[in-house]
Each structure stands twice: as C-alpha cells, then as structure tokens.
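Chains A and B supply the protein sequences, listed in that same order.
Just so you know, we're using the numbering used here here: the first sequence kicks off at 1 and counts up by one.
Just so you know, we're using the numbering used here here: the second sequence kicks off at 1 and counts up by one.
Just to be clear, a hint being listed does not mean it is correct.
[Said to hold, decoys possible] With a Cα cut of at most 25 angstroms, we get these calculated DMTMM-like pairs of lysine to aspartate or glutamate:
| # | chain 1 | residue 1 | chain 2 | residue 2 |
| --- | --- | --- | --- | --- |
| 1 | A | LYS59 | A | GLU287 |
| 2 | A | LYS102 | A | GLU245 |
| 3 | A | LYS318 | A | GLU194 |
| 4 | A | LYS165 | B | GLU181 |
| 5 | A | LYS150 | B | GLU43 |
| 6 | A | LYS330 | B | GLU43 |
| 7 | A | LYS165 | B | GLU43 |
| 8 | B | LYS277 | B | GLU141 |
[As the list claims (entries may be wrong)] To be clear about the criterion: a stretch of chain B counts as covered by chain A if any three or more of its residues have a C-beta under 8 angstroms from a C-beta of chain A, and this derived list gives those stretches:
| # | region |
| --- | --- |
| 9 | 136–143 |
| 10 | 207–215 |
| 11 | 397–408 |
[What the hints assert, rightly or not] Covered stretches of chain A, as calculated for chain B (at least 3 residues, CB under 8 angstroms):
| # | region |
| --- | --- |
| 12 | 39–45 |
| 13 | 89–98 |
| 14 | 110–121 |
| 15 | 132–140 |
| 16 | 218–226 |
| 17 | 255–268 |
| 18 | 281–288 |
Because the hints were derived from the structure by calculation, they are not lab data.
For each residue, glycine too, the CB sits at the ideal point set by N, CA and C.
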Amino acid sequence: MEVLMNKHRYVCVLVAILTLSFSVFAQPAKESKELVVYAYDAFCGDWGPGPAIVEEFEKQYGVKVNLVSAGDAVEMMTKVISEAGNPWADVVIGITDDMAQKMYDANLLQRYESPVLSDIPSFLHFDPLYRLLPFDYGNFAFVVDTERMKAQDIPTSLASLVDPKYKNKVILIDPRTSSVGLGLLLWTIEVFGEDGYLSWWEAMKENALTITDGWSSAYGLFTEGEAPLVLSYSTSPVYHVTYEETTRYQTAIFCEGHSTTIEGVGILASSNQKANAQKFVDYLLTEAQLTIALANSMYPVNSKTELPAAFDYAPKPKKSLSMETEILAKNLDRWLTEWTQVMSR
Amino acid sequence: MRDDKNMQYKRFYRVMPLPSTMVLLLLFFVPLFFTLSSAFVTEQGFTFSRIAGVFTDPYTQRIMLFTLLQATLSTLASLLVALPGAYLIATYSFRGKRLILALSAIPFVIPSILVVLGFVIFFGNNGFLNRILMTLFKLEEPPLSILYSFPAIILAHTFYNFPIIMSLVSSYWEHMDGNCETASYTLGATKAKTFFSITLPRLLPAIISAASLVFLFCFNSFAIILVLGGGPRYTTMEVEIYRQARMLGQTGSAAALSLFSILVTSILLLWYNRTQKRLALSETYRNSNRLIEKKPATLPGKLLALFYTIVSSLFILGPIASVVVRSFMASSSRSGAEAFSLKWYRQLLSLERATGHMNSALQALSNSLVIAALVALCTVPLALTLCVAIRKKEKGSLLELLGMMPMTVSSVIIGLGYYLISARIRGGLLTSYSLVVLAHMVKSIPFVLRTILPEYRKIPNSYIHSSLTLGAGPLRTFLQIELPLLRGAMLTGAIFAFALSMGEFNATLTLANSSIVTLPIVMYRLIGSYNFQGACALGTILIAVCTLVFIVSELAKGGKYDR
C-alpha cells in the first residue's frame, strides 16, 4: 500500500514538472492589436519617462501601448535579436550609436525618415539610413566636488588631467564592463587619435584612485568623498540641484570637446502596426522630449524644447565629438585589448 | 519477500533525486547547454579552434592563474579568521552567541555594490577609521591606505566569507562527540596535541565543505575585485567573460572562456568531494554529548576570547553599520550638509511623498519576503533528496558535482541562458513568479547541499539498517530516523536559501522582464538614479529582516543543549 502511494506521488511530481518544462519551452503566439514597445529597464521604471509618456500617448491617439522593460540596453538588444524568428516588439527604444552596429547587422529595423527630423540638429543624425532615430543625447564629462577641489585647480582639458597634481584624485570606470567607461576610452581616441590615446592612459594610471566596474560604484565612491573627480555625464549636477538643492557638484567643461552618446529609437520591420509605430516615434521626438530630458537627465534632441533652470548647471559642451558606428564596431575589440595591456602592466 | 524489500529500497533511492534533477535540468543545464554550445559554433560550422585558443592563450592563462591565486588566498584568510570563532562558539556558551551566528549570512543579502560602499565608508580615504585617526592625531592626510590594493581584495573577501565558514564549522563541531578528546586527555596528551591530532582531522569534512563554497564564491567575484583592487591590474576570468559577452557581444568567446573556468573549478570540486567523502565516512553521529562550558577557564583564555570577539565584530559590523548609518542621513538644507533624518524610511512607508523608485519599495519588500520564504521551503527538501541519493548511490560524486555546478558557472553566462528562456516565455505574472522562484532555488541548491551533506554523512549506516531490519520501509526510515537527526542542518540550509534569495538580482530581472520588483532591484534602480542613501535604507531593511529570521531559526534550532 505504502509502496503504491509513493509511486503515485513521484509519478505525479514527475508529470507536473514535465508539463511545466514543456510549457516553458513552448513558443507563445503573437498577440492582439496593441503596440509593443521594448525599452531598457530605467526607461520603464516609475522613475523613468516611460509610464508618463505611454499614458499621454494612449490618451491622445487611442492606441494601446504595452511597454516592456527588457533589461539594460545591451540585454534589450540581445533579446530583440534572439527573438528574430518569433518577433513581438514593434518599437525598440534605447539603442545607442556606439552599440548600433550589431542591430544593423541583424537587419531587423525598418527605415523611417520622420518629418520631425528637420527640428533635430544634423550632428545627432547618427544613422544615415534612418533605421534608428535619435531621441535624446548626453555627453561624458568629469564631475567635480567643489568642496574638495578649489576652483583654480579644476581641470580644463583631458590633456591637463594627467598633471601629477591630480594623483589619486580621479575615479575612472573600466571600459570592459561599463558603457560610461567605454565612453571615456572612445573620447580619448577621438581627441588624441589612435597614436596618442594609450600614452594618455599610461600617464593616467598614477592619477586614478581606482577604476571601478560600473558607473554606480564610481559615483558612489565620489559622493562618499573618496576623490574629487569622477567620470560621469555632463548632466549629473542636475540631480543634485533639483533634489538636494546643492551646487556642490559641477561639470568640468573641457576645451577639446566632449564625447557624445546618442540614444536611438527604431521600428521593427516585422511590425504589423507600422502606422501606429510611426506615430509613437514622432510623439517621442516632439511632445515627449521634455519628459524624457528630465527623467533621463539627458539633453533633448528637438531644438524647440525648452529646458528648466536646473539644466543651467549642466552646460552643453561647445563641441560634441562622436565616432562612426562602423569604425567603432570594427576596432573595439582591438582597442579594448590594447587598453587592457597598457593598464594591467 | 527479501527481494521485494530490496527492490523497494532501490527504487526509493533511485526516485529520490528526480525532482531536484528536473529543476536543475530545466533552469540550469538546458539553458547552460545552449549558451555553452555556442563556443563550438562559428559561421563556418563546428569548430574546436575557439576552445583551443582559450586554453593556449598566455593572457587567459595568466588571468586564470591570478583568479585561482586570489581565490585560494581569500579562502585561506577566511579560514584563519573563522576557525577561532568556530572554536569559541562550539566550546563555550556566552551571551550573544546566537546573535553572532545570526549575523553570519548577512553579507549574502547585501548586493555587492553596497558591500563595496560599506567598505569605502568604513575603511576608505574619507572613511570612518581614517577620520577618527586624523582627528586623534591631528593629521592632514588619511594615515591608512587600506583600499585599492591587492590586500583590500582579500580583506573584503574575508569579510564576505568568514562568517559562512564559522557558521558551518561550528554547527558541525557542536554535534561532535567529545569522548575521543576526553580519552586523549586521560592518556596524557596536551591540549594542543589533542587539537591537532584528534579534533582538527575530525573537523576536516566540514572545513573542506565550507572552504569549497568560499573558494567558488571568490573565484567568480567581480565588483569587489575591480573596485577595491584598484582596476585592471587585477583581472579575473569573470571580467573577461563579461567583456566578451556584454561589451563585444561575442557569446562564442565568452562561452569558451566559461568552459575553461568550469573545467578548472570542476576538477577542484571533484577533488574536494572525494576528500570530504572519505573523511566523513569515519565520523559518527552523536546528538551532542559535547560539554559546553560556561566560560574560558584561564585569564589568557578569557582575554583571547574577548579580543577575538571585538576584532571580528568590528570587522564584520563596521561595513554593515556604515550602510545602516548612511540610511539615516539626508541632506536637509540648501547647504547640502547631511544630518540625521528619517526621510527614506518615511518615504518607504508612504508617510511622505516618495521620490522616484521609493514608490515601489513596499511592494518590493513583500515580493522579496514571499519569494525568499518559498525558496527556503522548496530548496531544503530538494537538496535533501539530492543528499540522500549522493550518499546512497555509487556514482554519488557525479551527482554532487552537478548539484554544485550552479556555483561554478559565471553569472554572465547563466544570465545569457536565462535570455533564451525569457525570449520564449511570455506568460503572465504567475509564470514570472514561478520562474524566479525556480531560478533562486537553483542558485541556493549548492549552499544547502553543502550544509546538509556533511551532517547527513555522519548518520551511521547501522541506524538505517536497523530500521529496515525492524520492518520500516525506506520512506519511513527516512522520515522518522534520518530527518529528525538533520533538523539543525536543514534550518541552517533554509537560512542560506532565504538570504541568497533575498539578495538575488540578475536572474530576477531577466526572467521576470522587470514585471516583479524585489528589494535588490529597487536598490539598484535607486543607486542608478543617484539615491545612495535610499538604497542604504532598503539595505538596512534587508539586514533587519534577515537578522530577525536568523534569530528565530537559531532559537528554534537551539533546543535542549542551548543553555
């Protein structure tokens, strides 16, 4: 009797698990009429611009939007590409210019030359084929803790940052593990060229207090007072002005110009809702611009957008530098290897 | 009749590990297989060249050597700090003993970024220790430069791991029969001689078991090594895997590197397992006949115990306390100076309009609690069934290796595997919850296995044989003889599973497509939007919840020999 019961129990468990495993690996079918929008995690959170934009758009156009939070930007792209055989998303938000090549190679995006593009400065049109359209941008910059560094000591250029007086005063980020860290690596290549960037890094080794794994730990160390300079975005002080009412943290503007990261939005060729998708993209590039700029701490691309006063503490650099996506994709592996060799010596 | 019984016996032990194997298969081996197989696939087709390249590349070899070196040193340092503590806990009864044990799993629940920040707040250039010294001795520059060096890596790993060893070894030690030691004293051996030739060899199974956990943990460490080590000089395999997989999008190379790691760690694990099994077979189980003394007898003994307690508490509590203190700070005025404030806690409880992610904190807390409780409840039986099979089967060590595998594989690689799953499933909230619970279980199984197995191996075969001879079936023997003897180990295992689940971040985010918020997820979002103090407040809640759960379970475990 007992044996029988045991047998039954385990058979039941087995059947249950097997059923579950089949349902897990089964392919779900594409659903209904809603517009499916993939965006990176921070865009969709309560804190991000996503929820407010979707609500307003649904109200104005009567289109149901399903905003899917798909991890960080890299994870989101991996997800879209891995779903190529069974596509779900109509619109994808947040692929930056420096990672776009992989998306182009996958050949999943639909060209869309929006009429709004005329309001967007041409240096932001990073994709000449308009598969990805810019919706916001930021500049990498060093942020200064003015309570720990006198005004006359604040560096004015990348070149001046290697001065021995900044020994152990700078927190950097590893380009192998962080997009902000990668931003600085590209910035130095844009400024010093392929021949010069490694000697800048060689000289910076002494000045870097540490090179962290990601932006979060770097900025955390910085606000804990470990060092007066940190690699971040030129818009970082906006947060401190808005929520902490302090102007202690300021952006150091460099005369060589600042490297730019541009976030793009694209429509998938597989979408069967192209008209609505285009409406949504146009909405992002016009009415949603202020919401995006405020929530993302980035600059709006549409030159008609008026920014609040807090953005006065995030001065736009006079010169924005960027690199062609294709050149980047071709050389990135080599640059990272060279960088690692120099930095681990 | 006899044959029938034999069949029943065999079938029981064959069926036992099936559920846990299924869970591991579904949420670990299948996705892992698909990810790792990309190491052999190129545009030209099947190839071994990638693997061969990784194994012969001097750069990869150097990184592998460094990874092994730092993991070995960290494990040794953790053992050195942990064993005196385990001795004190196993030998004496004193106030606060349960609390110390309760604190031991806390480093697990704090995301590594907060541990790093805690370290910086405590040991950093502008940290607590340095500021005290600067005020005391009127110094201009911070006197201690502990961080951003190789020793800092070892220090942080020791902080993370010595409590685990202390807790696992002391729980084994407490249940060890004291008669051998008494006999040794009677025969005239000194205390030191008795310790080194009797006690230490008998403790080895537990020590090896705990050390293997710590080793794997340090082997895959990431943020701590980069931030506290000071940068790329100290590169581990995990960083390289991350670079290939995430920055360059080359899954194939990442998979090849990961296979190299898995191979090395598996060889080490197999060796550990064998040693442990051989040692454990010679040990017998006693329901604690050890004499628990009230206090150390001699004055030097007392002083030593006191010194150790103070130093180790400072060491473990310093960084944790830093996180707690930070959570009560907020800049209150225009000047930006920070002062004591309950702002974050008021926002958390919705007593004050919350800014940003604080909105979802309460929801996250209840999600985390439900998930962690489910994980603890489900993982222990699963791991237990694995233990039964590992002990009974001839090929037990293979099964043991499989159970430990989730710890040997880089989290980046597991993450890629979870993409395969999440790209295929678009179920509702319930599916997301189930997947998250299952993934957390997979992550906890190695820990629970390592907690229960050494205790389980101590149960003499004669107990089971007697029970079977007297007519009880294998199930009844298991439920009425073996289970009660394992109560303590099961509780410890449940604690670890609970803590690991509370602190888990990556799998939750990937598998639930962010539709489920947990405390670590909200913490990362807060940090990502400049709110470090808010994140510390959530960290403090995590710490408080876990301490509470641990104290309760320690009390439940205490039982008759806790005086």
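query: In ascending order, which of the hints set out earlier in this document are inconsistent with the structure?
result: 2, 4, 5, 7, 8, 9, 10, 11, 13, 14, 15, 17 and 18
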